[in-house]
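> Sequence:
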Amino acid sequence: MVAERTNLPVPPTALIGRAEDVANLRDMLTAPGTRLVTLTGPPGVGKTRLAVASAAAVADQFPGATVWVDLGPVRDPQLAMAEIERAFDVNRDSTGSALNRLPIAISGQDVLLVLDNFEHLLAAAAQLGRLLAASPRLRVLATSRERLHLAAEREYAVPPLPMPSELQVGDLGRLAANPAVELLLARAPRQIALTRNTARSLAEICVRLDGLPLAIELAAARLRVFTPGELAYRLDHRMAVLTGGSRDAPGRHRDLRAAITWSHELLPAAERAVFRRLSVFVGAWTIAAAEVVCADDEADARPARVSTAAVADAVESLLDKSLIQRVHGADRDARFTMLVSLREFAAEQLDQHDEVADTQSRHARYFADGARRWETAIGAEDESVMWPLVDDMRGDLVAAFAHSRTAGSALDHVPLEDVLWLAAGLGWYAYTRGSLAEAAGLIDFVFAVAADDRSSSDARAAALGAAGAVAFGLGDLASADRGLSQAAALSDARGDRRRLALVSAILGHVARGYGRFDDAAANYATARSIYEQLGSARGRAWAAHDLGLLANEQGDLAGAEAQLREALRLLAPLDYDWARAVSACALARVLLLTGNVDEPAGLLATALALHEGVGDGRGIAQCLETLAELAFARGAAATAGRLLGAASAQRGAVAAGLTETEQARLARLDAALVAALGRDGADHEKHAGRTMPANAAIALAAGVAAAGRLTEDRGAALTARQLEVAALVAAGRTNRQIGRALGITEKTAEVHVRNLMQRLQAPSRAGVAAWATAHGLLPAP
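Counting from 1, one number per residue, gives the positions in the sequence shown under my numbering.
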């Protein structure tokens, strides 16, 4: 389901003053019958921080997973379910709706789903209600400025922090224990202390800000500049001016806006400009990105022009003032982000200053350059280095491509060449890791503008190649042939051998899809020749892999085995786990066709682990299918049926279609299953596999692979079911949890565990866990 048991963000500072709220929410979330709890309240009241703390407090009650989804960057309600699917590692490309795919991913597990910033996506609430109805063991904790108005909803109105009373001002001990004052002092500079001289001013600051945590944190940052008395005075007068906004807005909302506006107006002109321009970023940004997006052109004659050199200073100052935050855990360049309410305010300022188009243009220029660097790395030796960077850029690539094409902006504000580079980056990301459905729209766009000579042939070739790859991934062979052929011609004319090799290889896939094996061989030979000239070990490995697949389809098993072994030999010293996994699985399939049932087990164990590591759902599905063939060859027909069903569910989750060769192979396996188990028996096992939780399917697959590798030890004769149980015991599951994961009763699970302990001569569950761990049977977390 998800790569980790929980992906809750780790707050950089301690939560203050919310112990009672966390306790209340813990009781609500674990109460029988609870399905949806919504934290409501104005911006800045601390809904997000409280949601994180509450989810962490109950995470042990949800052994399936605790999944965090930040909906802040999502603008279209229609994409809310897609973002939830992304968090569950469920691809959005498969046929059917999210309401069919998500319950399968969640099935049989106690899962807590935390949805942050739902208020602007209320049109998606009905879909959330249907998801809850289809997933009886799912519970949802949402944050929103207003209720979602669903029947299952229980609202928890998050209150402001209790403010100090007049009585507390005279008692420093009681005043220090007040949550609002405690927060103010915790976020203030160290030299700010609670004394008899500062007590009243500090209390007044909290009262003026209505106990709103964000407003208090913003005010605390200003204590670097003002004394408590000065700050209280400025807040008093400034609030009187700024609370006269819209009368139908909640008072606390106006108070927060006043606090933000007040803090914003104290900024120097350059910092204000940088603050509002940072609002165009969808994800976290680096200083380098901010320098490009927020700095004015050198020819700009405005007195308040922001130079590139001034941007880093402005970012540092905004960080000090708590107007932006540093992302903790970034292991490369420092990255920064902005709270949603602050981002909205900054975006309003950007619009009021008529800077939206110019800032978006610079944003698109920066990420177009990133997309160009990414496309240039594909098929080259530094491709792996670029992967983490492009993962970080994905959200901004999508946003830049979208706003560069709205209302004529692709022509008016963003150079066409930049838009083509954005399309190229998005297309290759979708083809290799992301969602093909999200990139489908760029195919027609690229074909429509590819003939426009205002952009370089380099950008057009890159975009056409990416569009062709996406079309191939979607099964549109005609469009793939069109785009890739044009990209090949442009690349050949430019002498760009790297890209020519890349598109030639995929043209070989297209030809193979059409059954034109001679054309496929010619294209693969072209790619191999170029890679040999370039001295690319990666390219030579892929060429060997592709020729191995072609030989297999032509019935030349000896040739296929030789080519695939050569691919693995070339890949062995390279940091290229994904390619190693693909080639290992392909070789295992070929060896099974030759009757070899021993070596494929080790190959598949390696391939499955590597595919899990890189998050390749299609590769996992192919491993499950091949392991099903291995299980059947070893006489375990029921296990083969389950693995085949699990593979079908996995393919559906990631929209990985079957080639004609794969369809024929799996049809033969299905017929063999029917002959062995009968139609009803085969359908029963496949259904059990399709509805099996993803982690249990992986555990079963790993168990089959491991069983094939075991020596004659006391676990060699374990059944597939016993291997499943052993893996779940090693994962720390109770009998009840094992029963839920496998669709059996708690009593049956207990019997399986007891029999397993006897079979392994293990005195306790710990002994079973030790044996399972030693044999690689741990399921995905």
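FYI, nobody ran anything at the bench for these hints, they're computed from the structure.
Keep in mind it's a predicted model, so treat the numbers as computed, not measured.
Here a beta-carbon is modelled for each residue, glycine too, at the ideal position from N, C-alpha and C.
Wrong hints could be hidden among the right ones.
Each pair of labels, with its calculated beta carbon distance range [claimed, not checked]:
hint	residue 1	residue 2	range
1	ARG174	ARG224	24 to 34 Å
2	GLY441	ALA126	46 to 56 Å
3	GLY441	ALA664	29 to 39 Å
4	ALA664	ASP382	30 to 40 Å
5	GLY535	ARG224	34 to 44 Å
6	GLU599	THR659	19 to 29 Å
7	ASP556	ASP76	41 to 51 Å
8	ASP492	ASP76	37 to 47 Å
9	ARG190	PRO268	43 to 53 Å
10	SER307	GLY33	58 to 68 Å
11	GLU316	GLU553	36 to 46 Å
12	ALA334	GLY732	48 to 58 Å
13	ALA31	GLY229	46 to 56 Å
> Provide an ascending list of the numbers of those earlier hints which the structure does not satisfy.
Violated hints: 2, 5, 9, 11, 12; rest satisfied.
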